[in-house]
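Relying on the hints, combine the two individually framed chains into one complex.
Heads up: the protein sequence lines correspond to chains A and B, in order. Residues in the first sequence are numbered consecutively from 47, following the numbering used here. Residues in the second sequence are numbered consecutively from -14, following the numbering used here.
Just so you know, the hints here were simulated from the structure itself, not pulled from any lab data. Just so we're clear, the structure is a prediction, and the values are computed from it rather than from any experiment. Only true hints are included.
Pairs of lysine to aspartate or glutamate residues, derived as DMTMM-like cross-links and limited to a Cα-Cα distance of at most 25 Å, are as follows:
| hint | chain 1 | residue 1 | chain 2 | residue 2 |
| --- | --- | --- | --- | --- |
| 1 | B | Lys299 | A | Asp133 |
| 2 | B | Lys172 | B | Glu138 |
| 3 | B | Lys294 | A | Asp136 |
| 4 | B | Lys299 | A | Asp136 |
| 5 | A | Lys84 | B | Asp296 |
| 6 | B | Lys299 | A | Glu118 |
| 7 | A | Lys75 | A | Glu123 |
| 8 | A | Lys84 | B | Asp253 |
| 9 | B | Lys220 | A | Asp136 |
| 10 | B | Lys172 | B | Asp157 |
| 11 | B | Lys299 | A | Asp62 |
Each pair of labels, with its calculated beta carbon distance range:
| hint | chain 1 | residue 1 | chain 2 | residue 2 | range |
| --- | --- | --- | --- | --- | --- |
| 12 | B | Ser191 | A | Ala137 | 44 to 54 Å |
| 13 | A | Arg98 | B | Ala213 | 41 to 51 Å |
| 14 | B | Gly187 | A | Gly129 | 36 to 46 Å |
For glycine and all other residues, C-beta sits at the position ideal for the given N, C-alpha and C.
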Amino acid sequence: MCSACGFPTRPGHWTDAGANTAGDRLQLKFRRARILNKILNSYGLAVHDDGRTPGIQLRSFTGRTVIVPDLEAVWSEAEAQTGTALDPLDARFLRAAA
Amino acid sequence: MPGQDAPTDTRLRLTILGGYLGSGKTTWLRHQLYEGRFGRAHILVNEAAETPVDDTLLQQHASGLTLLAGGCACCAGQGDLLGALRQICNERSQTDSGKARLEHIVLETSGLADPAAIATAIQADPMLVYHILLDEIIVLADSVNIIQQLGTERLGRAQIEAADRIILTKVDAQLPSAFSAVHATLKRLNPGAAISAAIRGGAAKSEPDPTAAPIDIPALAELSRLPAIEPTRLKIDASVDWAAFSVWLSALLHARGHDIVRVKGVFDTSVGFLLLQGVRNSVQAPEILPPSATRRANEIVFIGRNFAKEDLGKSLSYFSLSGG
Chain A
47 MCSACGFPTR
57 PGHWTDAGAN
67 TAGDRLQLKF
77 RRARILNKIL
87 NSYGLAVHDD
97 GRTPGIQLRS
107 FTGRTVIVPD
117 LEAVWSEAEA
127 QTGTALDPLD
137 ARFLRAAA
Chain B
-14 MPGQDAPTDT
-4 RLRLTILGGY
6 LGSGKTTWLR
16 HQLYEGRFGR
26 AHILVNEAAE
36 TPVDDTLLQQ
46 HASGLTLLAG
56 GCACCAGQGD
66 LLGALRQICN
76 ERSQTDSGKA
86 RLEHIVLETS
96 GLADPAAIAT
106 AIQADPMLVY
116 HILLDEIIVL
126 ADSVNIIQQL
136 GTERLGRAQI
146 EAADRIILTK
156 VDAQLPSAFS
166 AVHATLKRLN
176 PGAAISAAIR
186 GGAAKSEPDP
196 TAAPIDIPAL
206 AELSRLPAIE
216 PTRLKIDASV
226 DWAAFSVWLS
236 ALLHARGHDI
246 VRVKGVFDTS
256 VGFLLLQGVR
266 NSVQAPEILP
276 PSATRRANEI
286 VFIGRNFAKE
296 DLGKSLSYFS
306 LSGG
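Only chain B is shown next, with the shape it has when bound in the complex (with noise of 0.2 Å):
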């Protein structure tokens, strides 16, 4: 309207949070929702393994959450994805106009995610084009391991460089010197992109020595050997307890922790129903969950290479003495 300001852009405002699996997503943004930082936002969760915990967890905090399971949003999922968005946007378009409209949309992707294809399938989509703007892509990376995955991993190195803002986790595990040196050798990956730390979710100290030389990390040829990682599901069935399946999960990971990349999975135990996160060899202590996350227990989502799929059940009944 002349005399009148520019309309601001009505647009959706879209936060891609990315990053590998196990760099602490779910969260980080569990706390992040605690404390306000998105508002009013609807929250899609993504996970490529078709046995979905991280709604458990944020569903307390979110306005609104949806539930992508079974495809990874980037490739196999996408379709599920875009649909999504759309219902988003056109039930926001038919909100009455003297209601609060919905502003915000945080996507967390799984950890298998590429942002930037994403960022770009949204783009290409000549609806959604229109009705939502990309704020800004987060890419979350555990600090302890992400030299690790950026030199083993071509889609960790695809994260960072997709990122707008990059937040270090697990910054609490890791000495000073070695933060720098992680530091450092993200902000030569993506130089652009703010780095800061986290503990936990919570935004923690960040001072890093200006000094300090980058690792160096392999080129990207030299990745391409490594046969893809997948997801496979275990279901445990009743013969197996707890005993055998912490002894046998801590023989499996002390064993092929470089190729299981994460364990993820909620198992019934008479102390309740314990949440398993593993990433690599370290597990986190389990937190138990409410009896809402019964209807997802004793499955077990195991993301990894260089096994195949049948064996993990085949060792564990070996292990669970039901032989004998």
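Isolated chain A, as found in the complex (with noise of 0.2 Å):
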């Protein structure tokens, strides 16, 4: 590691930096899929996470599953099988919250 910069970081994907210790990474797994299918639900989508398998399992309305290593992948999968890329400032989303 060089000490100036301090590279190399945290490895994986930038989103799973946020938990350390087995329990809390667990604990974000399983609170990141019921985020994930409050978006992805309305667009016929769902994911699961057991909390075991390695990955996020994303499973189409077709009942399809693909797992895929982490959310930049839900995203592009979701992309490729909806043919649209889910926009969080989406009016929906941003009618939702108001």
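And the structure:
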């Protein structure tokens, strides 16, 4: 590690950085799945995380399940399946938040 | 004095470090300071957003540091910059003759600054012109993103054109053939500048294929229709945890990576204070900051275009599950 700039930093996807212990990681996975489903369900998609399988299981409305490694891959796969990028600034989310 | 060599220029030397948002200016400067490149330099850091984070990273290796936040030094914040430079010059003039004087200033501009405009402003200042000698304009360019920036941002073009020295950063994320094409493109835009390469702030091997063809980029007139990019500060309230924020931000950058050119800020998690640094849709593995960074925790700056500022907060609150 370079002591000037601290590289390399935490391994893995950046979104996995906020949890250090096994318990925290599990909690992060479960909570993340709840949040993802709030978004994905309106597009006919769902994720499942049993806390044991590595990665995130993304299920389409046809029942097909794909295991993806991280959140970035969730959005790419969701875009590939629905044909559109899931935009958090889309009117449907802004209306629901208001 | 007769019989002696002409006195050397005793003006304070200034290096301007510029480059687009996320080009790696702070990483590079921090590494160079650590290696002693600028000696006993005073560092001036300008950030366009009102939530500065770069100074936290730099202060450990600098002999002095002045932070200019809340306005880009080439336009809105120019008065602050000139004032800070005058003060440094004043203090230097008053240094006792027996003591070592400050000899070098490094100005890290904001990613939104045109270094040439800063150089012009210093030249036009009736006091500073006698005290400060512009040593070099160094412009950093993110090797992977620079071609897109040159094609979409007038400013990106201006920065490259102003450089005496161009340093291509993040070259390890690129194939040699792509690096050669980028190198040739910059050489055509600014034939006078020396071009080198860096990885994580340290010098890297730069052996471009001399036969590589430059990439065609659109004429400047075609760029004028794009809206300007602006900084937006998003305060994260206590109801938003890392799970919600990371889901939301990863979705946002996936969908809008072309419009959100930079994300920067500190997020408080159970692990510690994570420094978030994103350029377009790619986010670095977050670094854990020392507790002294706490005063700036949970404020994230977004720099981009084509979104309403208030929509960021609204959208995030929907994702945070606070509504159930």
